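Read top to bottom, the protein sequences are chains A and B. Residue numbers for the first sequence, in this note's numbering: 464 to 772. Residue numbers for the second sequence, in this note's numbering: 227 to 611.
Accuracy of the hints is not assured; some may be wrong.
Computed cross-link-like contacts, DMTMM-like style, restricted to lysine to aspartate or glutamate with a CA-CA straight-line distance of at most 20 Å [claimed, not checked]:
| # | chain 1 | residue 1 | chain 2 | residue 2 |
| --- | --- | --- | --- | --- |
| 1 | B | 409 | B | 377 |
| 2 | B | 248 | B | 237 |
| 3 | B | 248 | B | 332 |
| 4 | B | 496 | A | 761 |
| 5 | A | 473 | B | 530 |
| 6 | B | 609 | A | 664 |
| 7 | A | 744 | A | 664 |
| 8 | B | 409 | B | 349 |
| 9 | A | 473 | B | 460 |
| 10 | B | 609 | A | 490 |
| 11 | B | 609 | A | 662 |
| 12 | A | 744 | A | 470 |
| 13 | A | 744 | A | 490 |
Hints listed in this document are in silico derivations from the structure and should not be mistaken for laboratory results. For clarity, every value in this text was computed on a predicted model and none was experimentally measured.
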Amino acid sequence: MDFQPTEDQKDLRAGVRDLLAGRYGREALRASLDTGTAVDRGLWRELGAAGFFALRLPESEGGVGLGLPEAVLVFEEAGRALVPGPLVATHLAAGVVPGAAAGTAVVSAFDLGGRLVAHLGEADAVLGASAVPAGEPVRSVDPLTPLHRVASYGGGGDGNGRSVGDCSAFREAGALLTAALQLGSALRTVELAVRYAGEREQFGQPIGAFQAVKHLCAGMLVRAEVARTAVYAAAVTQDPGEVAAAKLLADGAAVGNARDCLQVHGGMGFTWEADVHLHLKRAWVRSEQWRTAGEAEELLAQELLGSAG
Amino acid sequence: MDLTYTEEEQDFRARLRAWLAKVLPELPARPSPDDWPGRRAYDLGWQRRLYEAGYAGLHWPVDAGGRGATPTQHLIFLEETERAGAPYVGANFVGLLHAGPTIAAEGTAAQRARWLPPVLRGDEVWCQGFSEPDAGSDLASLRTRAVRDGDDYVISGSKIWTSHAEVADWCELLVRTDPDAPKHRGITWLAMPMDAPGVTVRPLRTLAGSTEFAEMFLDDVRVPVADRVGAENDGWRVTMVTLSFERGTAFVGEVVACRRTLGELARTAKANGRWDDPVLRRRLGRLYGEFGALWRLTQWNVSEAGRSAGGVPGIGGSVFKLAYSHARQELYDTAAEVLGAQSLSLEEEWTLDRLSSLSYTIAAGTSQIQRNIVAERILGLPKGR
Numbered sequence: 464m465d466f467q468p469t470e471d472q473k474d475l476r477a478g479v480r481d482l483l484a485g486r487y488g489r490e491a492l493r494a495s496l497d498t499g500t501a502v503d504r505g506l507w508r509e510l511g512a513a514g515f516f517a518l519r520l521p522e523s524e525g526g527v528g529l530g531l532p533e534a535v536l537v538f539e540e541a542g543r544a545l546v547p548g549p550l551v552a553t554h555l556a557a558g559v560v561p562g563a564a565a566g567t568a569v570v571s572a573f574d575l576g577g578r579l580v581a582h583l584g585e586a587d588a589v590l591g592a593s594a595v596p597a598g599e600p601v602r603s604v605d606p607l608t609p610l611h612r613v614a615s616y617g618g619g620g621d622g623n624g625r626s627v628g629d630c631s632a633f634r635e636a637g638a639l640l641t642a643a644l645q646l647g648s649a650l651r652t653v654e655l656a657v658r659y660a661g662e663r664e665q666f667g668q669p670i671g672a673f674q675a676v677k678h679l680c681a682g683m684l685v686r687a688e689v690a691r692t693a694v695y696a697a698a699v700t701q702d703p704g705e706v707a708a709a710k711l712l713a714d715g716a717a718v719g720n721a722r723d724c725l726q727v728h729g730g731m732g733f734t735w736e737a738d739v740h741l742h743l744k745r746a747w748v749r750s751e752q753w754r755t756a757g758e759a760e761e762l763l764a765q766e767l768l769g770s771a772g
Numbered sequence: 227m228d229l230t231y232t233e234e235e236q237d238f239r240a241r242l243r244a245w246l247a248k249v250l251p252e253l254p255a256r257p258s259p260d261d262w263p264g265r266r267a268y269d270l271g272w273q274r275r276l277y278e279a280g281y282a283g284l285h286w287p288v289d290a291g292g293r294g295a296t297p298t299q300h301l302i303f304l305e306e307t308e309r310a311g312a313p314y315v316g317a318n319f320v321g322l323l324h325a326g327p328t329i330a331a332e333g334t335a336a337q338r339a340r341w342l343p344p345v346l347r348g349d350e351v352w353c354q355g356f357s358e359p360d361a362g363s364d365l366a367s368l369r370t371r372a373v374r375d376g377d378d379y380v381i382s383g384s385k386i387w388t389s390h391a392e393v394a395d396w397c398e399l400l401v402r403t404d405p406d407a408p409k410h411r412g413i414t415w416l417a418m419p420m421d422a423p424g425v426t427v428r429p430l431r432t433l434a435g436s437t438e439f440a441e442m443f444l445d446d447v448r449v450p451v452a453d454r455v456g457a458e459n460d461g462w463r464v465t466m467v468t469l470s471f472e473r474g475t476a477f478v479g480e481v482v483a484c485r486r487t488l489g490e491l492a493r494t495a496k497a498n499g500r501w502d503d504p505v506l507r508r509r510l511g512r513l514y515g516e517f518g519a520l521w522r523l524t525q526w527n528v529s530e531a532g533r534s535a536g537g538v539p540g541i542g543g544s545v546f547k548l549a550y551s552h553a554r555q556e557l558y559d560t561a562a563e564v565l566g567a568q569s570l571s572l573e574e575e576w577t578l579d580r581l582s583s584l585s586y587t588i589a590a591g592t593s594q595i596q597r598n599i600v601a602e603r604i605l606g607l608p609k610g611r
């Protein structure tokens, strides 16, 4: 047993981190915020060319032929960089919706509860729908995740009072890849908090020298590291219970860490200029996608009862 | 990233499982928790069986009498013994996990020959004389003094929270040999016989009502200079060697046990109707997910230790301990919710476990100290003034 990433996997992650740092660094993030451009078609095609969407498509179908562990590492980086757009849905649509694999199509999904759909206005297709449905725009909490309310989802319910169209086949992978985005965000907000705590001085010393601040930061790392092993393990085993646990813990890490990062930033954290709120708002959106905490807990509870024989 | 075990590892597991199935039914009944002589005899008897079957000191180096097993084999050993309900390492804890590995790494040939075989064979019990009443988490501020007198050190002071002190033969003792040196220098690691004149042991009663540890008073106790491990005033470094031996495996058996307890909790809740409470049910589901992740974190840390040449643990230890100690307390609080008023009865095993779980965020470095370690040594935040 060797649960550490292989050299190839580390290289892949580092390569994606470099690509995103160059193509979607902080200036690009702030520019998309200023212009309200959630999906940059140019970036989408570049991600497609880099194999982001076709990563798990077999080589015989023009894909990269890698597996979920590699996809998770790549999505972790996208989460870290706060890349907006329906990354998970487009990745899942590779080989299903023409153009998704290459990044020439933008594909959203019925992955939220209620009748809300993310990125509907920018979507060429919606996973689980035969055509892009009409919808009324709704003001979204996350400035880079536009939302629409649609009249009908089309598909049946999933037993938890939410319609999923016919997305259910994608649900496990969707939840896991969304967890990977959350993980990247959780790791990034630890870095942001630690950097700020080391620079910002109060009472004649960096605030990171105060135990109250230290302990917030340490708690953030613990959340992120527990979530990391849950996400990686689920990618390896693809066990539904482990996928649910990964989503649950990664949602908790992303939301909890963004909150604590905001707290460490003090008044600066409450401003539009700091990026912290963007991590928190995106983490809230992702918490509602594919599998909520409540659904994950219920699934795990049933599995626990089964395991008890 | 791979979670499958190699063929060799699977063989190891199968042989161990078969041996456990044969030997466990032959064991005598467990003594009661307060019967210390009985516990000592029981734990040493188990150690003797491990020794005879070739499982003693599994993770110790071969030249120290161990089996030189990989961290993964050690993980499998701890997992399988817990699953099978085998005895815990118990009174042999300090000898096998702390003192023994330290002597193996830092002791002279004569010291290794004197002290290691009795630990492996199950002949001698060690205890740990590190903590002091005024030191606590600030271990390096210990004050127990040792003064050279000819070929002996003469020791006076006191130790506290010393587990197994009542039945130990030897104590790994940290003493201050140079009171003028900075507090991390000036410390020396000694092996002290517990029957030496001047050693007084007084059991302490825990909040769970049991006597799990003791105070130890040292009044002009003489220890030969020859029983010093490492150089004089170099005891802090030796201690760091001691503390580095667990390699992320310290809580393996406990995580396995907690997952089993969760299953029993779910079954109990189903039987008594509490399962129908969605808040409680979801809490159990969340804990199941968390303990699953903690098991994976253990495998992650062990894999990391397996890759590092010196076997020095990575950052995982403090991160794991923080997450685990809090999850364990929540587990037993949830058990109390499942039991309802019945949780007020000390006849419930989970109630005793709930009480003892309160020590987990304190022992071996409080959660607050662990957070300081994580913040300063891993995240690189500045030290406070």
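Now the hints, each set against the structure:
no.	hint	result
1	409/B / 377/B	25 Å, violated
2	248/B / 237/B	17 Å, holds
3	248/B / 332/B	37 Å, violated
4	496/B / 761/A	14 Å, holds
5	473/A / 530/B	14 Å, holds
6	609/B / 664/A	14 Å, holds
7	744/A / 664/A	28 Å, violated
8	409/B / 349/B	35 Å, violated
9	473/A / 460/B	39 Å, violated
10	609/B / 490/A	33 Å, violated
11	609/B / 662/A	14 Å, holds
12	744/A / 470/A	34 Å, violated
13	744/A / 490/A	19 Å, holds
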